[in-house]
Amino acid sequence: MDGVRLTVALIVAVVLQWTLRNVFEPFAYIDFPLIIVVFAALQRNSIRAIFFGTLSGIAVDALSGGLLGANGFSKTLIAYMVSEMTRRVYLDNLLLRIPVIAGACLIDDLVYYGLHWLLGQPPVGDALVTVAYSLIGTTIVGTLVYLILQNLSGQKPKRRREMFPSRRQTRRRNPIRLNK
Amino acid sequence: MAERSQKEVWRMTPWLVIALLLVNFVLMAFDAREISSGQRVIRAWTQTAADFVQSPVTTVTTSISNYFVSISSLRSAQDENSKLKQKVQEQELQLQQQKVLEAENARLLALLDLRERSQPKVLPARIIGRDPSVWFDSSIVNRGSLDGVTLNMPVITDGGVVGRVSAVSPLTSQVDLLTRKGSGIGAVVGQIGETGALGVVVGTSDSELIEMKYVSGNIDVQIGQEIFTTGQDDIYPPGLKVGDIVNVISGSATTPHKILVRPAARLHAMQEVGILLYSPPDRLEYERKLPNAVQPK
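One line per chain: the protein sequences are A and B, in this order. 136 is the number that the numbering used here gives to position 142 of the first sequence; each next residue is one higher, with no gaps. With positions in the second sequence counted from 1, the corresponding number in the numbering used here is that position plus 72.
If you're looking for bench data, these hints aren't it; they were derived computationally from the structure. All C-beta atoms, glycine included, are put in the ideal place defined by N, C-alpha and C. Honestly, I wouldn't trust all of these hints.
Simulated restraints, written as ranges between beta carbons of each label pair [as the list claims (entries may be wrong)]:
| # | chain 1 | residue 1 | chain 2 | residue 2 | range |
| --- | --- | --- | --- | --- | --- |
| 1 | A | 146 | B | 318 | 46 to 52 Å |
| 2 | A | 101 | B | 135 | 17 to 23 Å |
| 3 | B | 133 | A | 101 | 19 to 25 Å |
| 4 | A | 6 | B | 83 | 29 to 35 Å |
| 5 | A | 101 | B | 306 | 39 to 45 Å |
Derived coverage of chain B by chain A (criterion: at least 3 residues anywhere in the stretch with Cβ under 8 Å from a Cβ of chain A; other residues may be distant) [stated by the list, open to error]:
| # | segment |
| --- | --- |
| 6 | 83 to 89 |
| 7 | 116 to 123 |
| 8 | 129 to 140 |
| 9 | 148 to 158 |
| 10 | 205 to 211 |
| 11 | 275 to 284 |
| 12 | 312 to 319 |
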C-alpha cells in the first residue's frame, strides 16, 4: 500500500515538474521528483528508490532541452547513495532528513551539470546562482512534503524520549562521610 | 529467511545501479548524437503523452491569469482608448501612403522583371510547456507534424527570432531558444546590403544576452544597431530581426569585434509564437561541392 502511495506521489511530482514552470517561473527551481526519490530511498527500499530515480529522471529529461538520461543518471545515483546511507545511519527524524535532501539536491545538480559539460552540451545561465536557488527551493519544499508524507503514511515522529533516551544519572555520593 | 532476502537485496543493489547508470549513459550518448543528426524519437513520443496533461493545465492557468489581467487593466482602459483612437487615425494616413508606395514598387519590379519572393507562411502556436529542468530554456508548443511542422523550422514572435524547432511529435513540438549555448544564426549588422558586418549569433552562458562572433574588427559597429538574419544558415530566412547591440568590445585589423546583443523577442514572457513554414532554397551545384558546405540531412 505504501508503494502505491509513493508511486502516485512520484507521478504527481513528475506532472508538477512538467507543468508548473509555465505557471510561475521560480517553480522551476524546485525538483519535485528528487524530493520523492529521496523520500523513497529513506524508506529502506533501495530497489524501489533506484527505479523511481531512473524513471522520473527520464520522464523529466524527455521534455527538457537537456540530454535524455542525464536526470535519470543523477537521480539513480542519488537514490543509491541515500539508501546506502539510510542502511548505516539512523535518519528517521525529520531534522536529520533536511540536510539529506539539501545534500542530495546539491549532488544532483553537480552531476547533471558535469554530465552536460562532459558531453558538450553546456547548460544556459549562471551555474552558481542556479544551484543556490535550486538548493533553497528544493530543501524548503522537500521538508514540507516530508511532513505531509509522514502524516499520510502514518509515520508519526517518535517522541523525544524514545529518540533520545535520557542518560543514566548516577547518584553522586561523597566517599568521605564527614558527619559520621 | 527475511534477513537473508534483505541481504540478497543489498548484494543485488550495486549491480542494478551500475546497469541503470549504464542505460542512462547510453541514452545520453545516443541523444547527444541525435541533437545534430535529426529527430529525437523518445522525446517526440513523450511529448505526445505529456500534451494530454500540459494543454489542459495551460488553458486553465492562462484563463485565470487573463481574468485578473483584464480586471487590473480596466482602470487604464479609458485613457488607452483615446490614445488608440488617435493612433488609428495616424496609422490610417500611413497606410494610405504605404499603399501608394506598394503600387509604385510593384510597377518598378515589373519594369525590372523581378519576381516577388514568396513569403513563408506563419503558423500561430501557443506555448503549452516550459523546460522542466531549470538548466535549459526550451519551450513546447501545441503544433506538431500533423500541422506541417518539421525539424529546424524557424520560430518567431512579433519582436523577432525566437529559435528553431528541435523535436517534433504529431501534436507538439519542442523549440530551442536562440540563447541556448551551441545555437547559431547567420546574421548581419543592419539590413543586408547596408553593411558588410557579417557574423554568427551564438548563445552565451547568460540567458538574457547572445553574442555575435566573427565580425571583422575593421568595420564600424555601434551600440544600438539592429541585427538581422542573412539566410545563409539554411534555417532562418533573410531579414528577420534578431536583436539590438548592447555592448561592443572593439577588435582590430587582426581580431574580430566582441558584440553582445539583446534578443528582440521577449523570450521569457512569450505566450504565443509563430512557426515559419519555411524550407531553405536549394543550394547551387558549386556551393554544394565546396569543402566547408553543410551536407543536407
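Consistency of the hints with the structure:
{"no.": "1", "hint": "146(A) x 318(B): 46 to 52 Å", "result": "51 Å, holds"}
{"no.": "2", "hint": "101(A) x 135(B): 17 to 23 Å", "result": "40 Å, violated"}
{"no.": "3", "hint": "133(B) x 101(A): 19 to 25 Å", "result": "32 Å, violated"}
{"no.": "4", "hint": "6(A) x 83(B): 29 to 35 Å", "result": "33 Å, holds"}
{"no.": "5", "hint": "101(A) x 306(B): 39 to 45 Å", "result": "41 Å, holds"}
{"no.": "6", "hint": "83 to 89", "result": "holds (count 5)"}
{"no.": "7", "hint": "116 to 123", "result": "holds (count 3)"}
{"no.": "8", "hint": "129 to 140", "result": "holds (count 3)"}
{"no.": "9", "hint": "148 to 158", "result": "violated (count 0)"}
{"no.": "10", "hint": "205 to 211", "result": "holds (count 6)"}
{"no.": "11", "hint": "275 to 284", "result": "holds (count 4)"}
{"no.": "12", "hint": "312 to 319", "result": "violated (count 0)"}
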